[in-house]
Structure formats: C-alpha cells, structure tokens
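Novice: Those protein sequence lines, which keep their order, are chains A and B.
Following the working numbering, the numbering of the first sequence begins with 1 at its first residue and continues without gaps.
Following the working numbering, the numbering of the second sequence begins with 1 at its first residue and continues without gaps.
Note that these hints are calculated values from the structure, not bench results.
Please note that the accuracy of each hint is not assured.
Facing chain B, according to a computed beta carbon distance under 10 Å, are these residues of chain A, among others [said to hold, decoys possible]:
| hint | residue |
| --- | --- |
| 1 | Gly66 |
| 2 | Tyr68 |
| 3 | Arg89 |
| 4 | Phe99 |
| 5 | Ser120 |
| 6 | Arg121 |
| 7 | His122 |
| 8 | His123 |
| 9 | Arg132 |
| 10 | Val136 |
| 11 | Glu142 |
| 12 | Gly151 |
| 13 | Gly179 |
| 14 | Arg215 |
| 15 | Ala216 |
| 16 | Asp250 |
Sample of chain B residues at the chain A side, in silico, Cβ under 7 Å [claimed, not checked]:
| hint | residue |
| --- | --- |
| 17 | Glu10 |
| 18 | Val239 |
| 19 | Arg243 |
| 20 | Arg244 |
| 21 | Ser248 |
| 22 | Asp260 |
| 23 | Leu276 |
| 24 | Trp277 |
In this text, a Cβ means the ideal position worked out from N, Cα and C, and glycines have one as well.
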Amino acid sequence: MLPKQMTSPEDAAPREVLLEVDQVTLRFGGVVALDNLSFQIYKGEIIGLIGPNGAGKTTCFNAMTGVYRPTSGEVRFDGEQVSGRKPHRINRMGIARTFQNIRLFPEMTALENVLVGADSRHHTSVIGALFRLYRVKPGPEELPVVDSTNGLVRFWQQVRRSSAQVFGISRHTLEERAGERKALELLRFVGIADRANDLARNLPYGYQRRLEIARALATEPKLLCLDEPAAGFNPAEKEELLDLIRKIRDRGFTVLLIEHDMRLVMGVTDRIVVLEFGKKIAEGSPAEVRDNPKVIAAYLGEPADAA
Amino acid sequence: MTEALRQFNERRRHALGGMADRWRALPRWQRWLGVLAGLAFLYYLPFLGDIPGTNLIIPGLDWFRTDSIAGGSNWAGVLFVCALYVLVAIGLNVVIGLAGLLDLGYVGFYAVGAYSVALFGSTQSPVVQSMQRQFGLSEEWAVAWAVCIPIALAFSLVAGVLLGWPTLRLRGDYLAIVTLGFGEIIRIVAKNSGWAGQAQGVAGIPGPEGPPSADNTVFGLLKIEPWYWLALTVVLLMVLLVRRLEHSRVGRSWLAIREDEDAAAVMGVYPFKFKLWAFAIGAALGGLSGLLFASRSTFIQPETFNVQLSILFVAMVVVGGSGNMAGVALGAFLLAYLPERFRDFSEYRVLAFGLALVLIMLLRPQGLLPSRRRTRELQDRAKEAAVNVA
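Chain A extracted, bound-state conformation (with noise of 0.2 Å):
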C-alpha cells in the first residue's frame, strides 16, 4: 500500500492504517445509501463520522462492523477483510461497538454486562466450566492466601494452596477471577463503579451509556466504534463524555465517532469525515472542515442565489 500523502507538516511519517474503507458502494434496491466511499482510519486517532440526517453514516458503521456486506468495495481492518464475516468474528479481530439506542443485557448486573464483554477474550467452554480439569500454574500472586490465626482455618488455608501449587489452578478459575478484575477496573474507568451490582435496566440514563463504553472497551478492541453516544445527554454530561473519549485515546485505543452535535465532535476528534448522501463531501481536521463550504452547504442549507 502507498503511504498516504498528509496535508499537514507533522504527519509526514506515513501512520499505520488500522481500518480501510475501499471504494464501497452499498444499494437498497433503488437506493444507493452509500457511493463509492473510500476512507482511512489509523491508528491511535479519534476519527469523526459527521454528516445531516439520511447522510448513510450508520449504514456506514453497519457495513464496517458486518451488520451490511457493501454491494461493490470492501472493508479491511488491519489488513483483513471485514465484509461477510459473522458479528463475534469481527469483534475477535478487534472492532467493538455501543449502540445508538442503548442494547445493555438489561436482566444482568453492570458488573455482569461488563463480564460478558471480557468473556470474549476467555476460552472456558462447557467442558472446561464443568469438569475444569485444563489447569493452570498459578502466578505467586494467585495462590490462596494463608492468613488465619485460627489453627484450624489455617491448616485449610494451608492445604488449599499446597494442592494449587501441585495442581495448579483450572482456567475457568482464573479467567473469572481475571474478568471480574477487569470489568472493575473498567467500571472505575468510566466512572460508574458505584453501582456495579445494580441490573442494567435500574441504572440512570447517562450510566447506561457509560456501562455500553465500558463492556464494549472489555472485549480489548482495537477500534472502539461509538454510535451517537451523547444523544439525549446535556451540556455538562457531553463535557464529562469529551473527557473520557479522550481518556479512552491515551489508553491507546483508536475511537470513531459517530455524532449529531458539531461542537462535541469539533472538541475531540483529530480529524473528521463528513457525508451527505452517502458520499464523502470533506475530509479533513475540524477547522478544515468546519470552513469547507461544502459542509456549510450541507449542513445549513445552500443560499438561494448560490445556484
């Protein structure tokens, strides 16, 4: 592949590509959603997805995460083609993504949704969950503690460990010792830690989005995709969203973003591409693209002498 020519000085050095979208076309019958669409997204940047209602950006979001197969074109994440894959399949590869209207597990603790997310990087199936007899060397810092002043207890304590260190410990153990870690960690990360045994379906609002975040980032993509996640939040609330994006980059994970509200993608995004029926009309960082006449046009309408 060529190295992309940039337009501005400190990008010269070619950066890695992570996702490609290439010259896809996607019809509905008559209906053409996206034209001949080709972008980059690379690595470790947030990239904006902008464009008026009807513009195809969710078709777009669809056709890269496999929901959609392009009619012409294709998409590739690092190299591989994403098109026709099966949804579990592409999440493996490393693209994640939350929902416009939020799809929690509803029935399951935060704690649980976020678990479900980290059980996609966990091997442990039927046989494994039931009989647990593929066992692991233990790391010094999993071994059962020994702490008890009680003789007894401690005598227990005692035999627990000694049979982990000969036997080692089963991976369904460790894997759920390992997610329920992590789902914390994440859970502390998006700032909703407070409520983690709580059911989805209880928690406030903002939360829910949040928690989407937080289950999505749990199956360790490499693209987090995010659908409109400040609709219906307000000034204050998209502030603290803003914060966590960017918390999100420096972890160093690559973000896109879909989004309706012109400020909120303008304050954190490295670059955006804008559609409007289905075609890519600017592509560029937010001042570029906030002076581009086209996306005025697009976005406010043409004057009427300007025909």
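Use these hints to put chain B onto chain A, whose structure you have.
Specialist: Positioned in the frame of chain A, the structure of chain B alone reads:
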C-alpha cells in the same frame, strides 16, 4: 375473587421473599447444616412416617404417602418417578430457562435415552440379536448396563446436536413447532422400525445388576427404594454440574443470548454455538432420565413417549418457575406427586390439571419459585404492556 387471590398471593410473596433473604443472611456453617439436613431428609423420604429399624411411626407424616389411600401406588415408586421428572425438568430448564429456547419435543431425548439402553442392553432387542448373529456371540450376551450409560449419553447428545444444527437458526414459535415435530418423529420411527422393536417395544432391559431376574437383590423388581436413591443421587450430581455451568462464562453467555441475541453477538458471544450446547446438555439430561426410566420398568414401548409427556415436561418447568433449578424441581415433583396422592379424584385429573395451569398463569406467570431475574423481567413486561394500553 381474583382480586382477593391476588392480595393473598402478594402477602405470601412477601413472606417467602423474606425467607430467602434470611437464609442468605445465615452464617455459612449453618447453611451447610441446613443443606445436609435437607439431603438427609431427601434420602429418608421413602420411609416417610416410619422410623427405620423400629416399629415406631411418626403420626401425621403418613398422610403424605401415596399408599396411605385405598389402591394407592407404591410410595417409593412414586418417589422414583418424581426424581426422574426432576431430572428431566433440570435438563429442560437449561434449554428453556437459561438459553430461552422453547423446546416442545423434549420427550424425543427421553425416548432416545430409553431406547439406547433397551436396544444395546437387552438380550431381546433386535439390535443385540443381530450383533450376536454377526459376531457369533452367545445368546446371553448384551452390552453391559454401565457401558449403556455413555452410549445413551452419546446418542442423546448427538440427537440434540442433530436437531439443533439445522433448527437453531429459527427463533421463538418456529423453533417450538419444529421441536414438537422432532418428538413425534422419534416415536413414529421407533414404532415403525423393525430394529427398534416396532409397536410391541423392547423387554428385558437391564439394570445396574444386569438383566431383570428374581435373583437381583438390590435393584430388584419389588423393592424400589434403591432405585429412588440411585435416581436421587444422579439428580444431585447433575444439579451440581448444571450449577457450575450457570455460574460460568457459559451461563453468562446463555443469559446474554436470552436478553439480546444481536447485542451478545456483537460483544463476541457466538449465539449458535452456545445455543447448540444448551440443546445438547438438555438432551443429555433428558436421555439420562430416559435410561433410568427404561432400566426400572425393564420394558418400553413407543406409545409411552407421546406428545402429552412433552407438554407435561414443559408444564413442570413453567409451573415451577423457569430459570430457577429449585423452582423447576418443585414443579416436577408436584406434577408427578399430586395426581398420585389424590387418586380419589382421578376422574377429574385432567380438569384439575387444566384449572391449576390457568390459575397459575393468572396469578403467578413467573412460576411458583421464580428466579429473581425472571421475576423482574416478567413484571417489567407487564408494565410495558400497561403503558402501551394507556
């Protein structure tokens, strides 16, 4: 009338909910003691009312026994059937309660388990007889009972996978219809195939002590207590294993699939794989129960495995509280026990059964002992419906 019943139900629910919370608040050793006492009671059940080793009786307890009424069935025999049904209910609960797949053909797996031990274990089965001819074995030869267990498990697992593979792409009612057909297919195939003994079935099915004979001392024809203890032990073992699954990555995946299959798939859960596992595990438990049934009765025929039995299995899960193992076990016990205890009203059995089902659906759609999750879900759906009406 329904209002009064509803209020009563409300009060009872408060009382029971408090009981569950108090139980969880007990120290660990006290709960262990409670569990041990419960287990001891379960193993004591065949002697209910008697004090073993003496001639003394405990007055009052006798009333619960099915042989306390004129023409009542053997008490240990009824308990054995109860244990079989509990095993079935626990298996079906994995499919319906945990993975959320409605399976109306569960009797098919029960039949596969029963026929596995019949066709491989009985010297009178066409399969064994043809093997004897093929390999020049003696007429006494048949597959040992202990070997029949893995055979039955394997066959019912494979039956579960074979049924699940093409049909689990369907959702909801469509899946229910296909599984209903599967149960019938098994029965009709058994009825029409020479190798399965056709309509007259298969006799001479072995038990743990070998083929049925008057010399069997423990697992005999008349003394049924050991059979009950065997079935109870199998049930307890399976409860432990299913609990392990419930509290693991697998159980979480099932729950996630039940809640929102598409969101689960996007989060890396492969719904098809886990649904297939749920089917296979449910099938294996059903097969195991069928094996015990066939061994105890020493004779099976295809008409035993009819649709009504399938519906009864689903009713046990729904009445007991799908998703909760204690609930479905209670449902299975009640549906097997009550008709036997109240034989006097046997003419009205179907009427009473229908009435009870309607009442439970009216007053307690979550089942008698619902899991907490299930409760909240159903109450919430009721709320949603109310909002839509308004």
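Novice: None of the hints should be skipped; say for each whether it holds.
Specialist: Results of checking the hints against the structure:
no.: 1; hint: Gly66; verdict: 9 Å, holds
no.: 2; hint: Tyr68; verdict: 13 Å, violated
no.: 3; hint: Arg89; verdict: 8 Å, holds
no.: 4; hint: Phe99; verdict: 7 Å, holds
no.: 5; hint: Ser120; verdict: 3 Å, holds
no.: 6; hint: Arg121; verdict: 8 Å, holds
no.: 7; hint: His122; verdict: 6 Å, holds
no.: 8; hint: His123; verdict: 9 Å, holds
no.: 9; hint: Arg132; verdict: 8 Å, holds
no.: 10; hint: Val136; verdict: 15 Å, violated
no.: 11; hint: Glu142; verdict: 18 Å, violated
no.: 12; hint: Gly151; verdict: 17 Å, violated
no.: 13; hint: Gly179; verdict: 8 Å, holds
no.: 14; hint: Arg215; verdict: 6 Å, holds
no.: 15; hint: Ala216; verdict: 8 Å, holds
no.: 16; hint: Asp250; verdict: 24 Å, violated
no.: 17; hint: Glu10; verdict: 22 Å, violated
no.: 18; hint: Val239; verdict: 13 Å, violated
no.: 19; hint: Arg243; verdict: 10 Å, violated
no.: 20; hint: Arg244; verdict: 6 Å, holds
no.: 21; hint: Ser248; verdict: 4 Å, holds
no.: 22; hint: Asp260; verdict: 5 Å, holds
no.: 23; hint: Leu276; verdict: 10 Å, violated
no.: 24; hint: Trp277; verdict: 5 Å, holds
When held up to the earlier numbered hints, the structure conflicts with 2, 10, 11, 12, 16, 17, 18, 19 and 23 and fits the remainder.
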